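Just so you know, the protein sequences line up as chains D and V, in that order. Residue numbers for the first sequence follow our numbering, so the first one is 1 and each next one is one higher. Residue numbers for the second sequence follow our numbering, so the first one is 1 and each next one is one higher.
If you are wondering where the hints come from, they were derived from the structure by calculation, not from laboratory data. The model shown is predicted, which means the values in this text are computed figures rather than measured ones. Backbone N, C-alpha and C define an ideal beta-carbon position, used for all residues, glycine too. Treat the hints loosely; a few may be bogus.
[What the hints assert, rightly or not] Stretch-level coverage of chain D by chain V, calculated; a stretch enters the list once three of its residues show a Cβ under 8 Å from a Cβ in chain V:
#1 34-47
#2 91-99
#3 105-111
[Unchecked claim] Pairwise CB distance ranges (calculated):
#4 D:Thr109 / V:Ser1: 18 to 26 Å
#5 V:Pro8 / D:Ile67: 42 to 50 Å
#6 V:Pro39 / D:Ser57: 32 to 40 Å
#7 V:Ile12 / D:Ser57: 41 to 49 Å
#8 V:Ser84 / D:Thr109: 24 to 32 Å
#9 D:Gln3 / V:Gly52: 27 to 35 Å
#10 D:Lys51 / V:Leu113: 45 to 53 Å
#11 D:Val84 / V:Pro8: 21 to 29 Å
#12 D:Pro8 / V:Arg10: 26 to 34 Å
#13 V:Ser1 / D:Val84: 18 to 26 Å
Each chain, letter by letter, is given below.
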Amino acid sequence: GQQLNQSPQSMFIQEGEDVSMNCTSSSIFNTWLWYKQDPGEGPVLLIALYKAGELTSNGRLTAQFGITRKDSFLNISASIPSDVGIYFCAGQLYGSSNTGKLIFGQGTTLQVKP
Amino acid sequence: SAVISQKPSRDICQRGTSLTIQCQVDSQVTMMFWYRQQPGQSLTLIATANQGSEATYESGFVIDKFPISRPNLTFSTLTVSNMSPEDSSIYLCSVGGAYNEQFFGPGTRLTVL
Chain D
1 GQQLNQSPQS MFIQEGEDVS MNCTSSSIFN TWLWYKQDPG EGPVLLIALY KAGELTSNGR
61 LTAQFGITRK DSFLNISASI PSDVGIYFCA GQLYGSSNTG KLIFGQGTTL QVKP
Chain V
1 SAVISQKPSR DICQRGTSLT IQCQVDSQVT MMFWYRQQPG QSLTLIATAN QGSEATYESG
61 FVIDKFPISR PNLTFSTLTV SNMSPEDSSI YLCSVGGAYN EQFFGPGTRL TVL
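Assemble the whole structure, with the sequences as input and the hints as a guide.
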């Protein structure tokens, strides 16, 4: 089946540092989404992207929809301890909007050292 | 975004038994989905819950093992049947938003002994 390759798999950083993670695929997507999952919770939507080249911010988070429509990245600036969690990218394949289905990346586990 | 609740939040079950998980949404939604998240893994789509008709299952998931009901536009159930320890996972329901996004419930943590 279709796959999203998300990297890095995990990160351990110092508080205040910036973080970058990305997702790539060999397929074209019409939507890219970034979620955060805290322990014991369901994923929470952080940012949604709908156009190639689109750059969107949500506070200290910035995400971009790649020009080729096959990738996306998420940046977190000036990390704080509450940024700890698992970040997932998700995409909707081009031509599948009527199904509503998403494909998820493998996740990036972020740990922040105070 | 819609407010989504799931019951139970967690359960410990014996192998061979079945568990039915409920998903309730505070508004009518067209699309509802069920996912499985195995320990330390990403989310895998089980099926799309269709209102008034049979669910659409993904490859590797069958109705006999994961029967789904969707009696109306605000409610759905997923049953995990004849459970084995390999079924120990988090089960998540989600609903489709207006712009291809999905919003998730808090999940049901299932442990099978």
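Here is what the structure says about each hint:
1. 34-47: That given contact holds, which follows from 7 residues of the segment 34-47 of chain D lying within Cβ reach (below 8 Å) of chain V.
2. 91-99: With 3 residues close enough to chain V, the hint holds.
3. 105-111: holds (count 3)
4. D:Thr109 / V:Ser1: 18 to 26 Å: holds, 25 Å
5. V:Pro8 / D:Ile67: 42 to 50 Å: holds, 45 Å
6. V:Pro39 / D:Ser57: 32 to 40 Å: Given range 32 to 40 Å: holds, Cβ gap about 33 Å.
7. V:Ile12 / D:Ser57: 41 to 49 Å: holds, 42 Å
8. V:Ser84 / D:Thr109: 24 to 32 Å: Holds: the Cβ-Cβ distance is about 28 Å, inside 24 to 32 Å.
9. D:Gln3 / V:Gly52: 27 to 35 Å: holds, 33 Å
10. D:Lys51 / V:Leu113: 45 to 53 Å: holds, 49 Å
11. D:Val84 / V:Pro8: 21 to 29 Å: Check passed, 27 Å falls within 21 to 29 Å.
12. D:Pro8 / V:Arg10: 26 to 34 Å: Holds: the Cβ-Cβ distance is about 30 Å, inside 26 to 34 Å.
13. V:Ser1 / D:Val84: 18 to 26 Å: holds, 23 Å
Every hint, counting from the list given before, is met by this structure.
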